[in-house]
Every structure is written in C-alpha cells, then in structure tokens.
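If you're matching them up, the sequences are chains A and B in order. Counting from 0, one number per residue, gives the positions in the first sequence under numbering that gives the first Met the number 0. Counting from 0, one number per residue, gives the positions in the second sequence under numbering that gives the first Met the number 0.
I should point out that these hints are in silico values taken from the structure, not numbers from a laboratory. It cannot be assumed that every hint is accurate.
Unchecked claim - Just so you have them, the derived chain B footprint on chain A, three or more residues with Cβ under 8 Å: (1) 350-356; (2) 468-475.
What the hints assert, rightly or not - Some chain B residues near chain A, calculated using beta-carbon distances under 7 Å: (3) N108; (4) F118; (5) T154; (6) G171.
Said to hold, decoys possible - Every beta carbon over 10 Å from chain A, so not counted as near; a handful from chain B, in silico: (7) K38; (8) L39; (9) Q43; (10) L89; (11) D100; (12) A119; (13) E123; (14) N130; (15) D135; (16) G152; (17) K157; (18) A175.
Backbone N, C-alpha and C fix where the C-beta goes; we use that ideal spot for every residue, glycine too.
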Amino acid sequence: MSTNTYDAIVIGSGISGGWAAKELSEKGLKTIMLERGRNIEHIKDYVNATKGPWEFPHRGGRTQKMIEDYPVLKRDYPLNETNLDYWVDEKESPYVEIKRFDWFRGYHVGGRSLMWGRQSYRWHDTDFEANLKDGVGVDWPIRYKDLEKWYSYAEKFAGISGNRDGVPILPDGDFMPPMDLNIVEKDVQKRFKEFYKESRHFIIGRTANITVPHNNRTNCQYRNKCWLGCPFGAYFSTQSATLPAAMATGNLTVRPWSIVTEILYDKDTKKAKGVRIVDAETNKTYDYFAKIVFVNASALNSAWVLMNSATDVWEGGLGSSSGELGHNVMDHHLGVGAGGRIEGFEDKYYFGRRANGIYIPRYRNLNGEKRDYIRGFGYQGGGSRSGWSRDIAEMNIGGAFKDALSEPGGWNFGMGGFGETLPYHDNKITLDKTKKDKWGLPVLAFDVEVKDNEKKMRVDMMNDAVEMLTNAGVKDVKGYTSDGVLGRGIHEMGTARMGRDPKTSVLNEWNQVWDAKNVFVTDGAAMTSAACQNPSLTYMALTARAANYAVDELKKGNI
Amino acid sequence: MNRRIAIRNMALIMGSAALLPACLSGDKGKPIVTLKQLKLDAAQENLVSNLCETILPKTSTPGAKDLGINLFVFKMIDDCFDKKGQDDFLVGLEEFETAVDKKYGKSFNDLTVAERSAFANDIEKQSKVPNNKDKDNKANGFYWAVKGQTVFGYTTSKYFMTEQIVYELVPGRYNAMFPVKKKAAV
C-alpha cells in the first residue's frame with residue numbers, strides 16, 4: 000500500500016499534465032504522473048525526426064491501409080506516414096458520434112505536446128468578460144489580472160518567441176526574439192498596415208519554438224519537422240521542457256500504460272483519496288493514493304474520468320452535481336479562409352523552413368462594433384514560394400520540363416480563420432456504456448455541433464479574408480469555407496468549466512472541483528469560454544497557478 | 000549519375016517489402032515487380048516505366064528509370080490509390096494502349112522515343128483545350144496519374160533534393176530574404 004502512496008497524482012502527461020508534474024514536484028511534493036499510453040523518450044524515440052523526405056516509402060503520404068485503420072484521423076491533415084505512431088489506435092479506443100466530431104488524440108507520454116501547433120497567445124479581459132457581458136454560459140471566475148503573472152511565468156519557462164506588437168486585444172508577453180516575416184509577408188504587412196492602420200494588425204506568429212538557447216535546449220533549427228519530435232528540444236513539449244525539470248527534482252515518478260478508470264472519492268472527508276488505474280498492458284488494477292489529484296487527461300478524457308468517479312454518490316460522476324459535467328464542449332471552428340498569388344519577388348526566396356506563420360488577431364465585435372453574431376476570430380497563414388508543386392498541368396514533358404522542376408515556382412499567400420465557439424449546454428459528451436474500448440471501459444458519445452452564431456461568423460471569416468488579402472495587394476484571391484465540423488481545431492474545451500457557483504459550474508476559481516476540493520482540473524476542460532486564440536498557453540498558466548494554490552492550501556491544512 | 004547512386008536511390012524508394020525482383024529470365028509476361036493490389040503484366044509494367052521515362056527522360060541528368068521513379072509510381076498506385084482509382088488506372092492503361100495502337104499501329108513500348116513524346120504531348124495539349132470532352136477520358140486519367148506520381152517521386156527523391164535543389168535537413172537559420180538565380184532552396 001505505502002509504495003502506492005504519493006503526495007500528488009497527475010492524470011495525463013500532455014501540456015497541462017507536464018506542467019502540473021513540474022510545479023508540484025518542484026514544490027517538494029512526491030508526485031506520480033499517470034499516462035495511459037506508452038512512453039516516448041525524448042530524442043531517442045523520435046524515430047522519424049532525422050529522416051530525409053525521400054526516406055519515407057510514400058514520401059509522407061497516406062496508404063489505403065492507413066485510411067482503413069484511422070477512420071477519424073483520415074478526415075484531416077494529421078493522417079500521414081511521418082508521425083503515425085503519435086496518434087491513438089482508433090480500433091482500441093473508439094468513440095460514438097451522435098453527431099460528427101473529429102477527435103484527434105495522442106495516447107502516450109507527452110500527449111499532444113509532441114504534435115501541437117505551438118502558437119501561443121495570451122487572452123485579454125475582453126475574453127474573460129465576454130460571457131458576463133453577452134449573457135452566455137457563466138461568467139469566468141477570474142480575470143486577466145489573475146492570470147497575468149502566470150502567463151509570464153509560463154512564457155519564461157516554455158520559451159515563446161514573438162514580437163511585442165502592442166496590439167490592445169492581444170497582450171504582449173515575455174517573449175524571446177521573434178522569427179522573421181519573409182520578404183513577401185513584409186510586403187503584405189506593409190500594404191495591410193497602410194489600409195487598416197491601427198484597426199487591424201498583421202504580426203509574426205507567437206510560437207513555443209525557442210529562438211535562443213534556453214534551459215539546455217537548442218534554439219530552433221528551422222527544420223519545420225516539429226511534429227516528428229524535435230531532437231534539439233527546440234519547441235515546448237513535455238519531453239523537452241517540463242519533464243526534465245520535474246525529473247531533476249527527484250520527486251517525480253512517471254508511470255506509462257496507466258489508464259485511470261476513476262478517482263477514488265471518500266464520502267466522509269468529501270475529498271479524493273487517490274485513483275484507480277488499469278494497466279493497459281496487463282489489464283491489472285492498481286490503486287494509487289495521494290493528498291491531491293490533478294486531472295490533465297485532455298478536456299474530453301478528463302470529463303470521462305470525472306464521469307466514472309464517485310458514481311455511488313452522484314450518478315453522473317464527480318462534478319456532475321452542477322449538471323454541467325460533459326456539457327459546453329467547445330473547439331475553434333476553422334476550415335475557412337482565403338489565398339491568392341503574389342506578383343513579383345521572382346528573384347527572392349527564403350532559406351530555412353520556419354515553423355511559424357503570420358497572425359491577424361481578432362478585430363470583430365470590438366470597440367462597439369456589433370455584427371450579426373457575437374465574439375470573433377483570428378487568422379493564421381503565411382506567404383510561401385512553391386517549388387515543383389506549382390501547377391504541373393500547365394507544363395509539358397521532357398528534359399526541359401525536368402529542369403524546370405528545380406526552378407522556384409510562384410509566390411502564394413494564404414490564411415485560415417480560427418473562430419470562437421460558444422459554450423452551449425446541449426453540446427455535450429456522455430458515457431455510452433453499450434460500447435466498450437479494448438479494456439472494457441465505456442466510451443464517450445459526442446453530440447456536438449456548430450450553431451447559428453458560428454455559422455454567421457464563418458461568413459465574415461471567409462469574406463474578410465478575401466477582402467483583406469485583396470486590400471493588401473494579393474492577386475487572384477479565392478475564398479474557401481467548409482461546414483466547420485468541431486474537433487478539427489484540436490482545441491477541445493469546456494467539459495468541466497470553471498465558474499462562480501457550484502450549481503452551474505464544475506470547478507471554482509482555483510480549478511478545484513467544487514465537490515472534491517483536492518481535485519484540480521487544469522486542462523481544456525476547465526475553460527468557461529473559448530476565445531479565438533490557441534488555448535495551450537492559457538492551460539499552462541492556469542495549471543501553474545492552480546498548482547501553486549494547491550500546495551499552499553496543502554501546507555495550510557485546508558485540503 | 001553513376002549506377003551505384005541509382006541503385007542506392009532505388010533501394011531507398013523501394014523501402015523494404017513491397018517490391019521484389021522476380022525472375023528476370025524466360026517468361027516475358029511475368030512482371031518484375033510484385034504488387035499487392037495492382038495486377039500488371041510485364042508489357043503493361045514496361046509501358047508505365049516507358050511513360051515515366053518519357054515524362055522525365057535521361058538527359059545530362061538522370062531520368063525516371065535511372066532513379067527508380069517508375070518503381071515509386073507502382074508503389075504509390077498499389078498502396079495509396081483506392082479500389083476505384085486502381086480500377087480506373089487499369090482501364091485507362093488499356094484505353095491508352097488502344098489509342099496508341101489506333102494511331103501508330105503498334106504498342107507504346109515499340110514506339111520511338113520521339114513518337115512516345117509526341118503522343119504524350121498530344122494529351123498535354125488536349126488538356127489545355129477548353130471544353131474538350133476527351134480530356135477527362137480514362138486514358139488521359141491514366142496519363143495524369145502516372146505523371147503526377149512521377150513528378151512527385153522525382154521531386155521528393157534524394158537525388159533531386161540533394162543535387163538539384165538546396166535541401167538541408169538542418170538549416171539552422173531562417174533567411175527571410177534570399178536571392179535566387181537558378182537553384183531553388185526549400
């Protein structure tokens with residue numbers, strides 16, 4: 000029994016789980032991090048990271064076998080042969096779609112911190128106040144000032160490169176030197192600025208790729224192969240950043256192959272006493288005990304863990320007394336934007352593959368503007384010069400054609416929107432006990448969709464993109480849109496939201512489960528609204544803040 | 000290009016298991032590559048290889064066959080095309096053969112290099128004629144499938160990426176404005 004007792008348990012090892020493990024172990028707590036999947040060792044297990052493109056049998060493409068094996072992943076870009084091992088085995092871990100939801104998961108140490116997009120933006124008070132002002136969902140129990148120093152703390156450790164642009168809606172952070180805009184992006188930016196002045200902004204992306212050496216990590220080498228795992232540790236991941244820091248304390252134990260099936264709830268103390276796991280390899284059950292539990296299993300699986308916990312007290316699980324557990328599923332809706340050609344600059348190129356692009360922060364429904372929808376969206380994109388992939392149909396055959404393939408093609412500029420999704424009570428996940436995964440555990444059923452507000456927003460998202468690129472001198476601009484299926488943003492949020500009232504929220508202002516104060520949920524599940532910025536930096540800040548509070552409370556004997 | 004490089008490239012392209020050299024002596028109808036889905040006889044295989052070479056011929060630099068691009072094309076169609084794509088490919092191949100026979104009275108494999116180029120160029124020209132109802136026929140579909148994969152295979156080959164363009168696995172820097180003359184950087 001005693002060997003299974005720790006001060007703290009962290010469920011999950013992705014971005015927020017890694018942060019929880021680091022913070023708790025650095026503060027002296029004997030901590031165990033439980034990860035449902037296999038271990039991936041930094042550098043050693045990035046098996047494809049140093050291969051040339053020609054070393055992949057299908058040059059990165061997808062085979063019919065892959066398409067068959069990954070019915071969800073195939074729906075979008077993640078299915079490819081270069082990092083297939085980082086995505087969940089869908090046959091082992093199915094889910095039910097009452098409505099289509101594209102759930103892209105990574106079940107291994109590091110979780111999706113290995114494959115994430117790395118764009119890192121602070122929120123603004125506009126985002127924290129939005130629900131209150133709009134009368135949507137519930138009010139965030141915190142404001143920007145509560146998170147500001149934790150944003151700094153997270154940025155300084157993770158290493159975020161970016162420019163201090165002074166955009167009012169997008170607070171500047173503690174950045175490493177920014178990456179450069181390329182020659183075409185600079186040109187587009189110049190025209191953009193001439194047209195929009197200070198009303199809209201066009202900036203270099205803020206990304207968790209370090210541009211100067213940091214904590215024994217090598218600065219970005221401009222390979223743009225981040226999602227294979229970085230042998231230089233140049234982007235923030237559990238493996239490159241939080242895990243080594245946590246291991247250095249001597250206080251952290253990592254246990255892969257540990258599927259947490261429930262949080263063990265003690266009715267008398269009204270607290271969790273530990274967790275139960277099933278070993279994914281042996282199917283054996285083990286209990287682990289601790290004073291505090293951090294739930295960082297990713298938004299939807301964190302809700303799953305809670306739903307399966309304390310069901311003898313609350314039928315719907317721990318945190319369900321609010322009626323909100325598993326509800327308010329959010330993501331960013333995308334698949335809408337525009338692109339076109341850039342004329343000129345034929346004698347210019349760039350060298351190196353920059354794993355970053357440009358960002359246009361939100362500008363809609365600010366400063367008194369009222370569209371026929373609420374909230375807003377941002378854009379990510381960039382300018383690039385195509386090589387061989389230029390329209391080959393326009394060319395012929397033979398030796399001259401072969402030679403022409405090594406000439407640079409034309410310049411293009413494209414960008415896609417990331418739109419805020421509102422928290423709708425009826426966008427929900429539930430347990431489907433009729434369908435089981437490989438381990439006999441019930442799976443999640445999704446009943447989630449974009450609604451009117453998102454659909455109206457998407458009209459602007461395409462039209463604005465076309466208009467802005469046209470105004471910025473891009474030629475032959477074409478817009479595109481899609482049905483905006485949720486999940487594809489891979490920014491799942493909201494299933495155990497923070498709030499001010501236990502009747503309408505699962506977590507309080509410190510990410511504590513109202514019904515079990517020593518249980519903290521600090522991943523996307525905690526989000527009360529979605530904003531339109533990429534959310535991971537906010538998870539990092541929330542996690543560091545909650546861990547600091549948890550340890551304080553523990554010392555005071557309050558939990 | 001020396002033969003050792005060609006063979007090395009071919010080995011890289013072929014990967015491990017899918018393509019195995021079969022007995023090269025005797026039976027003319029026996030294919031030299033073993034595919035899992037696609038059933039091609041030796042003549043058809045040759046036709047595809049010759050078409051690859053027509054699209055990217057050997058000049059002062061290696062051609063499609065030197066680089067094993069034809070084998071890459073087989074692999075892609077075998078592994079990555081769905082059933083319908085493969086069926087269309089086979090029907091298109093047959094129609095392509097028929098069209099060649101109709102025009103020249105012999106098989107594509109027996110055409111001179113100049114005739115092969117002329118035939119392929121005809122298809123290229125057809126595709127540029129607006130509202131040409133023939134441009135989407137299956138023979139043309141077969142041609143574009145081979146061309147697409149040939150170009151893809153060539154431009155992602157080690158030879159191309161290391162000797163035709165400047166590709167560094169670890170650039171180590173981002174130069175946001177880089178003058179270019181001929182060779183491209185990616």
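Outcome of the hint check:
no.	hint	in the structure
1	350-356	holds (count 4)
2	468-475	violated (count 0)
3	N108	violated, 17 Å
4	F118	violated, 10 Å
5	T154	holds, 4 Å
6	G171	holds, 5 Å
7	K38	holds, 16 Å
8	L39	holds, 17 Å
9	Q43	holds, 20 Å
10	L89	holds, 16 Å
11	D100	holds, 21 Å
12	A119	violated, 5 Å
13	E123	violated, 5 Å
14	N130	holds, 16 Å
15	D135	holds, 12 Å
16	G152	violated, 7 Å
17	K157	violated, 4 Å
18	A175	violated, 4 Å
Violation of the numbered hints given earlier is confined to hints 2, 3, 4, 12, 13, 16, 17, 18; the remaining hints are satisfied by the structure.
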